[in-house]
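Trainee: Produce the entire structure from the sequences given, and follow the hints as far as they go.
For the sequence shown, this note's numbering gives the first residue as 163, with consecutive numbering after it.
All clues given are correct.
The following label-pair restraints were derived from C-beta to C-beta distances:
#, residue 1, residue 2, range
1, G331, D199, 44 to 50 Å
2, I255, V347, 34 to 40 Å
3, K237, H195, 26 to 32 Å
4, N349, T274, 23 to 29 Å
5, K360, G226, 30 to 36 Å
6, P278, G239, 23 to 29 Å
7, E295, E383, 42 to 48 Å
8, D296, Q384, 41 to 47 Å
9, Y283, K205, 15 to 21 Å
10, K360, S390, 15 to 21 Å
With a cut-off of at most 25 Å between alpha-carbon atoms, the simulated BS3-like pairs for lysine-lysine come out as follows:
#, residue 1, residue 2
11, K343, K313
12, K326, K360
13, K343, K373
14, K179, K326
15, K360, K330
16, K386, K343
17, K179, K330
18, K343, K205
19, K275, K386
20, K313, K237
21, K373, K360
22, K205, K275
23, K313, K360
24, K275, K373
25, K275, K343
26, K386, K373
27, K386, K360
28, K387, K373
29, K313, K326
Quick caveat, the hints were computed from the structure, so don't treat them as lab data. Predicted model only: the values in this text are computed from it and were never measured. For glycine and all other residues, C-beta sits at the position ideal for the given N, C-alpha and C.
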Amino acid sequence: MESGKQNSQINDPQNPKGYVLAIGESLIDALSHNYIDNLSEAKNLEILPGGSPANFCRFLQSIGTNAKLVASVGKDGFGSILIKSMQSSGLSIEHISQLEDHFTSLIVVARTKNTPDFIPYRDADIHIQPVAEDVLNGALLVHSSAFSLSKEPARSVILEAFRKMHSKGKPVSLDWNYSEKIWGVNNSSQEVFNEVLKFNPILKFSLDDAKRYFEQDLSIEQAKKLLSDFPAEVICFTCGS
Numbered sequence: 163m164e165s166g167k168q169n170s171q172i173n174d175p176q177n178p179k180g181y182v183l184a185i186g187e188s189l190i191d192a193l194s195h196n197y198i199d200n201l202s203e204a205k206n207l208e209i210l211p212g213g214s215p216a217n218f219c220r221f222l223q224s225i226g227t228n229a230k231l232v233a234s235v236g237k238d239g240f241g242s243i244l245i246k247s248m249q250s251s252g253l254s255i256e257h258i259s260q261l262e263d264h265f266t267s268l269i270v271v272a273r274t275k276n277t278p279d280f281i282p283y284r285d286a287d288i289h290i291q292p293v294a295e296d297v298l299n300g301a302l303l304v305h306s307s308a309f310s311l312s313k314e315p316a317r318s319v320i321l322e323a324f325r326k327m328h329s330k331g332k333p334v335s336l337d338w339n340y341s342e343k344i345w346g347v348n349n350s351s352q353e354v355f356n357e358v359l360k361f362n363p364i365l366k367f368s369l370d371d372a373k374r375y376f377e378q379d380l381s382i383e384q385a386k387k388l389l390s391d392f393p394a395e396v397i398c399f400t401c402g403s
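Mentor: Next comes the structure, spelled out in structure tokens:
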């Protein structure tokens with residue numbers, strides 16, 4: 163789904179003079195070893211590096227695209243796992259804050275064939291530090307997630323980075339991986355999402371994200387119709403299996 167012209171500034175993402183900048187969660191996924199229906203059936207958990215923006219950066223590095231991550235982890239064993247994972251992926255840890263007084267965030271996830279059951283335990287990922295001007299100046303694009311925007315002070319840090327990038331004529335990108343379990347009931351997600359839309363973003367939605375955000379059991383075509391009304395540069399819509 164495309165609504166507007168693609169920004170020419172990212173035609174050559176392998177340009178060594180620039181990079182894709184992601185701001186957001188780097189955390190531990192504690193994934194059930196076997197396929198289960200819900201977490202009450204979990205017996206063993208596998209500890210894996212996770213977090214949507216962090217995974218995005220690892221993938222970009224794996225295909226030869228320069229990427230930088232701004233994130234916060236605890237100065238603990240799980241934080242060490244994340245730091246080592248970034249380094250082994252070729253990611254710089256220059257902009258990763260290791261916090262003494264916060265524990266590394268963790269999500270317990272059921273390995274399922276459908277929408278997974280999960281429980282979030284959040285701390286350090288919320289405490290992202292403000293992004294330096296020179297880091298934004300070197301970026302070709304800045305990316306984040308609904309998960310990261312769900313809590314302060316990370317939300318204000320990310321929105322400020324989006325505003326600055328937009329004022330420089332550079333694109334912003336958002337994975338709207340929305341979940342009420344993350345945001346809480348009677349939350350401000352609509353207000354935050356509308357704020358991001360002011361920047362004419364590149365948007366990524368899944369069918370599950372759309373169902374949760376619009377609070378409707380949508381078909382693929384119904385979701386596409388609703389999403390097509392957003393003032394976005396490009397919309398990437400994924401439909402699971």
